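Participant: Sequence:
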Amino acid sequence: MRAVLDTSVIIATGVPELEGELAISAVTLAELHCGVLIARDAGTRAERLRRLTLLERTFDALPVDDAVAASYGQLAAAVAGAGRPPRSRMTALLIAATAHAHSARLYTRNAGGLAGLADLLDVVAV
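Residues -13 to 112, numbered by the working numbering, are exactly what the sequence shown covers, in order.
Any given hint might turn out to be false.
To be verified - So the derived label-pair ranges between C-beta atoms look like this: (1) Glu3 - Arg70: 28 to 36 Å; (2) Arg95 - Leu40: 18 to 26 Å; (3) Leu35 - Gly59: 17 to 25 Å; (4) Ala55 - Ala28: 14 to 22 Å.
Just so you know, the hints here were simulated from the structure itself, not pulled from any lab data.
As the structure is a computational prediction, the values presented were derived from the model and not from experiment.
All C-beta atoms, glycine included, are put in the ideal place defined by N, C-alpha and C.
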């Protein structure tokens, strides 16, 4: 079983061992690159860069392609149908769409932000 790790899981400490063939989305790399560049001090920047470099060596990120774009539309519509604004969850939904497009489960620490997707995606709170 394939599983996509949300950025919230990647940056967390104390995450238990997770089952499956683990993958990440290119969106997670984008978020981490941003985190490196906006760090306010050299120590934080260095630690974030170390983590990013390790992640890039460990995973070949799944791209945001046509299939992910179509999945994003479905997931955003489901979130809107649940009465929640999809735009404020854009990066989370793009990562979820990556999992959806690859028939993978999504491991996240922010499952509440993805309410309304249970019929479309296996969201697992970590």
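Participant: With reference to the structure, classify each hint as holding or not holding.
Facilitator: Each hint tested on the structure:
1. Glu3 - Arg70: 28 to 36 Å: 31 Å, holds
2. Arg95 - Leu40: 18 to 26 Å: Holds: the Cβ-Cβ distance is about 19 Å, inside 18 to 26 Å.
3. Leu35 - Gly59: 17 to 25 Å: Given a distance of about 34 Å, which is not inside 17 to 25 Å, the answer is violated.
4. Ala55 - Ala28: 14 to 22 Å: 38 Å, violated
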